[in-house]
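Q: Sequence:
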Amino acid sequence: MKAMFPPYLAAHVVGLLLTASGAAFAQSEPTALVDQQHCMFCHTRDAPFLAPSFQQIAERYRNEPNAQVMLEHKLRVGGKAHWGDMAMPLPPDRGGPLTPEDAHTLIQWVLSQ
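For the sequence shown, the residue numbers in mature numbering (1 follows the signal peptide of the UniProt record, and there is no 0) are -26 to -1, 1 to 87.
All clues stand as given, with none of them false.
Below, simulated SDA-like cross-link-like pairs (lysine to any residue); rule was C-alpha separation at most 20 Å, straight line:
id	residue 1	residue 2
1	Lys54	Val43
2	Lys54	Ala41
3	Lys48	His78
4	Lys54	Pro65
5	Lys48	Asp9
Since the hints were made in silico from the structure, they are not lab data.
Construct the entire structure; sequences and hints are all you get.
A: Quick look at the structure:
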């Protein structure tokens, strides 16, 4: 028995499947870490605020070979300003120290923007 679907319905189903598979590959926000470290006090996902947006950071460091390691270090210990006048706050001023694994998770997410 041959199933018959109108062409528009078949195209719609294919579109939904592609969207769903793309969403499965997108990295979800590590909300607990973002909240714990108070990231949104200075950053937003897509517009500069007190610090560059996560999208700006991702764009700036996308093709930098050592960006992941450098940014993880900066996140764990703080650091001088690379953008404007505001430096990355020290961990005690952001919610406490981060493990290397948590820093890796946060930076992977930021760079995926």
